[in-house]
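Residue numbers (our numbering), protein chains in the order written: chain P, 1472 to 1748; chain Z, 18 to 331; chain R, 545 to 871.
BS3-like cross-link-like pairs, simulated, lysine-lysine; straight-line CA separation at most 25 Å:
#1 Z:K240 x R:K665
#2 R:K665 x R:K682
#3 R:K665 x R:K630
#4 R:K665 x R:K690
#5 R:K783 x R:K550
#6 P:K1520 x Z:K177
#7 R:K690 x Z:K240
#8 P:K1656 x P:K1635
#9 R:K670 x R:K681
#10 R:K555 x R:K576
#11 R:K664 x Z:K240
#12 Z:K98 x Z:K78
#13 R:K682 x R:K746
#14 R:K665 x R:K746
#15 R:K664 x R:K681
#16 R:K670 x Z:K240
#17 R:K630 x Z:K240
#18 R:K550 x R:K576
Stretches of chain Z that chain P covers, calculated by requiring three or more beta carbons in the stretch to come under 8 Å of a beta carbon on chain P:
#19 152 to 159
#20 167 to 178
#21 253 to 264
#22 273 to 286
#23 298 to 309
Hints were generated in silico from the structure; no laboratory data involved.
Ideal placement from N, C-alpha and C gives every residue a C-beta, glycine not left out.
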Amino acid sequence: MNEVVHLLLRHRGAQIGLCILLTIISMALFADVLAPYDPYKANLRDALKPPSLDHPMGTDEIGRDILSRIMYGARFSLLIAFASVAMGAIIGVSIGLLSGYYGGWIDYVVQRMTDILLALPGVVLALALVAVLGPGLTNLIIAVGIGFIPVYIRIVRGVTLQVKAMEYVTAAEMLGLSSLRVLFKHILPNVFPSVMVQVTLHLGSAVLAAAGLGFLGLGVQPPNPEWGAMIGTGRNYIFRAPHLIVFPGLSLFLVVLGFNLLGAALREVLDPRLRRE
Amino acid sequence: MALVRYLIKRFFGLLIVVFGIVTILFLILNLTPGDPARLIAGIGATEEDVEMIRKSLGLDKPLHIRYILYISGLLRLDLGKSIRTGTPVLHEVLIRLPNTIVLAVSSMALALAIGIPLGIVAAVRTSSLLDYLIITLSIVGNSIPVFWLGLMFIVLFSVKLRLLPAGGIGTPLHLVLPSLTIAIYLLSYIIRFTRTAVLDALRQEFVRYALSKGLPRRVVLYKHVLRNALIPVLTITGLQFGALLGGAPITETVFAWPGIGKYIVDSIFAKDYPAVQGAVFIFALIYAIVNLVTDLLYVVVDPRVKLEGGGMRE
Amino acid sequence: MNSLLKVNDLKVHYLLANSVVRAVDGVTFDLKENEIFSLVGESGSGKSTLAYAIARLLDSSYVRIYGEIIFNGINLLELSEIEMEKIRGNLISMIPQDPSAALNPAYTVGEQIAEVLRYKKGLTHKEARDLSIELMKKVGIPDAEKRYLNYPHQLSGGMNQRVVIAIAMALRPRLIIADEPTSALDVTVQARILELLTGLVKEYGSTMLLITHDLGVAAEVSDRIGVMYAGKLMEIGSKEEILEKPLHPYTQALLHVVPRFHKKKRRLKPIAGMVPNLSSPPSGCRFHPRCPYRSKECVLQEPLMVEVEPGHWVSCNLYAMEASYHA
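Chain P on its own, in the form it takes in the complex:
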């Protein structure tokens, strides 16, 4: 574990990714202190102002400071991403473990359910869910997170089957360790690397999915400064004031890039075959 952290900290991609993410996370945490303006306060006289010294990223259609909105907006993206991936991973890993370990009809049913969930493209599934659940924050997290579940089931089930076939698990069972303890002790450490890589990459996808829904008007609702929603509203002013969409989009890009760089680095560090000499 220490070795992984060590290698990761020496990996160029991981360094860049971590820098980006730490910046944005601290931006979200300290938005109250850092933001120059109230992100919700309209000022119609200053509407649609291009970037200036007063407003480094300009103002939006009702004169709100875009920089401040982006700082607060980071909270929505990160919260939805972490919560939905945590949900998907925890449920998926548990089901995958049980399904792989117990096999039989449980496994069969789980397998078919996974096939079905995988056959629905993630965004479409999320759309259908949000359409009926309504666009609240919790609903959004559920809608985005459900699509991740089958991926973890697949990964964990596969590894569980492999580990189960190894002799030491059988030996541990014969020693009378309870099956649940065997599960945790031997299988979890083995699935941990692939799950971690997937989690990092999914965090990026989750940010994009939530922003996409926000853009469509089905995610976080205005006046909340969610980046996707900001782009969705700013779209109406694309001819007069493109800065309304430039900065929220760049922020989205940076967060996702951060997660993707970290995910790619993690995969390289954890997968010895990809390690460069």
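Please build the complex by placing chains Z and R on the supplied structure of chain P, with the hints as guidance.
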């Protein structure tokens, strides 16, 4: 013989998946809190109005009856009627389907045309500056929000340069911006996948053997390595079609492209649940069929694949 | 008789992350025109590396080759990649160890024969096809027209072996390097393939370098035999000399563990001790840790190759003293 058995097996697999999707969609759209009839009727509606809508949608019947009715409708290719327009959902979806397919195919073709050569170059010049550059490009491409990229293209090419239409459909020019946008997103996957596949193939013993026959390096690369490397690339291409369809609701909305994706979004806003249900179902069906076709192509292209084994993926 | 191939003090080093493996470390021998010469050794002795070094098929990004490989009067190590391409197939061809891995799974075996004829000989598709089928018949593939369209996985190991022999023979090369050509096959098929191969080599007037771990195979087909151990040649001599009057303790050990030829069990049984790690080989004579006759000198002094009898060379301190004594 084996092929027939395999086809039958896969076809039944497909049926199970499709049936499951129908059921899940039905449950999602029917078990949710809130009364769709009241939602559709709007705030000012009287109790009678709501009751009428409920009757007309069949919502007054118990859940299992509605489920049976819906399934038997599906078997007769009846996806129900759109609440907005009153026309059959199947008809509405089918007139939009070609638009979605045209966009999907053109962006995939563009992505393959650029991505495969870049992936090959990156693999052949592995660990070079060029390789590093191409990998970076692919990670960057994968991190850009597609809808935002589309809007930026519109700002650049339509608003500033006035070269291309910002949205809608009609001329081949209308296809350029949406295809380009989606292709850039797909590109990152295709580059990375091609690169890995070529690197894998280059390590195979048959490469050294082909060289030992005195074949020119160029021939070994473009004939022996590529044929083997492109087999897995084909699979990812098929799977990417799924991702492509998944992104359609958003990209089609950005470019006001009248496909199924935009239809789903519009129907959600109009609270046209039969339309949402029907369109998502068709979406999932296409996705499942594309996956099946990919697997079948795989069988055709890779002579090693033995059909007796059954499961082709994983 | 003229030498077709002269290998002079050849060294092949693999540059790894933090060590250098001296897989071949100063090997000298020559191949006479029309003979079959076998290089025998345990796995890890460097014999396959040597074979691929001659054909210049080692990955130059981490392999360094020193010395000379004179083929037909030309030092192959000085040729450009393009010049080498012309020699491969035309003048030097290889028979791989495991044809099922060496043949490309995505092309029919017929195409893999025919492409050589098209690219190297400029034949048309039709000519190449006809000639390929002829070659397939020649190497004893029944139903050649049908088999032409088969993929490697549809054929047995023995049939694939015949295919790679057909490829190797397609351009009637001067030198054929066969790397364990029968080790992937079962015993009954082995004998027939060997017979086919040696027959064709004689018929075409080619010369063959046979790489094998199997002294029984070498005994059956070779004119001369070289014994390799840990990247060095231990002994070279005619087949009769090696088999009947082995000089090197290693060769003697090999012969003791091969009870009788033409029997089912032909593999070298391991000799006591281990094949040394070639990134830090033993000092002095490389065989000394396993040698029953070792003296202090063997630990310190690397023996020279000496000619004990005409054409019978050995690299062992026992004979080095004897030779210097005679001198």
